[in-house]
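Student: Quick note on my numbering: the sequence shown kicks off at 1 and runs consecutively.
Because the hints were derived from the structure by calculation, they are not lab data.
Keep in mind that the hints are not guaranteed to be accurate.
Pairs of lysine-lysine residues, derived as DSS-like cross-links and limited to a Cα-Cα distance of at most 27 Å, are as follows [stated by the list, open to error]:
| # | residue 1 | residue 2 |
| --- | --- | --- |
| 1 | K34 | K187 |
| 2 | K326 | K284 |
| 3 | K245 | K187 |
| 4 | K248 | K326 |
| 5 | K248 | K320 |
Now the in silico label distances, taken between C-beta atoms and shown as ranges [said to hold, decoys possible]:
| # | residue 1 | residue 2 | range |
| --- | --- | --- | --- |
| 6 | M258 | K284 | 36 to 46 Å |
| 7 | E329 | T296 | 37 to 47 Å |
| 8 | E53 | H24 | 12 to 22 Å |
All of these numbers come straight from a predicted model, not from anything done at the bench.
Beta carbons: idealized from backbone N, C-alpha and C, even for Gly.
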Amino acid sequence: MRSLLVTGGAGFIGSNFVHHVVAHTDAQVVVLDKLTYAGNRASLAGLPEDRVELVVGDICDETLVDSLVASVDAVVHFAAASHNDNSLHDPRPFVETNIIGTFSMLEAVRRHDVRYHHISTDEVYGDLELDDPEKFRESTAYNPSSPYSSTKAGSDHLVRAWARSFGVRATLSNCSNNYGPRQHVEKFIPRQITNLLDGERVKLYGEGLNVRDWIHADDHSSAVLEILRSGQIGETYLVGADGEKNNKEVVELILGLMGRPSDDYDHVTDRAGHDLRYAIDASKLREELGWSPSYTDFEEGLAATIDWYRENEAWWRPQKAATEAKYVELGHA
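Between the sequences and the hints, there should be enough to build the whole structure, so can you do that?
Tutor: What follows is the structure, encoded as structure tokens:
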């Protein structure tokens, strides 16, 4: 792969992947990003201009997408509307971006016979009971519970249909919850960190017993690159790092690492339809492609993430006030 188109490459996970590709390959990278509130030019700062080009545009713009896809060897499609709270408040952008945008990408790679990898989420599978010994596998039935997860499920089905019906050279991955640098402050972990940096208190939905399977964004990036290189066309791979923690445990870890009492947080109104537990079985990825995570100690990765936000206030500060105002509007302040 001499050249890649990375959609959503100025967002959290997408920008991390661009940094990873530059560090571990010789490929040229074109980033297509609409630069909505979740995209940030600063997330691409420091990357070599002769290897990374940012194109500001919409994945629903079929003419633009077609011209970019025609010039690359492969596409990695990260671009998505992704915040559950926002999807409950206004579902329309999720339908437009996640379904119509994916359709636009698939038609372009179909026309130009370009390799395509689709980034998805474990949330398409719904949730598990807290005491369920099972984990999500590639064969788990879809059961999405929010406008966000249902539109991601719809986009996954489009990818599989285009691969089967039209021979699109596609792979697909569903990943668990990511954490790490350059994540928007609306998300759970950076919101808590930046609240504490501002001298505010941590906010915890409900009782905080909901379980997420955490993976560092660097490990997600290495998994995607490995799938792109070696994954079998038409296959789905689940990406996870055995990082199950409930939200209360994560909050208490953040408080401890930042020198605050473990009970120094406020309970806020729980999210409607809040999924109980996500858990990933990444055996297929590990056994078939030989991938393994580098961040096996969640507390260590969390400490490094806290350090990044402490040292990069100029990156997150412009987002903070508007984000907290939005949470007030949604009743989760």
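Student: Work down the list of hints and note, for each, if the structure agrees.
Tutor: A quick look at each hint next to the structure:
no. : hint                    : in the structure
1   : K34 / K187              : holds (19 Å)
2   : K326 / K284             : violated (39 Å)
3   : K245 / K187             : holds (16 Å)
4   : K248 / K326             : holds (23 Å)
5   : K248 / K320             : holds (22 Å)
6   : M258 / K284: 36 to 46 Å : holds (37 Å)
7   : E329 / T296: 37 to 47 Å : holds (39 Å)
8   : E53 / H24: 12 to 22 Å   : holds (19 Å)
Going through the hint list in order, the structure does not satisfy hint 2, though it satisfies all others.
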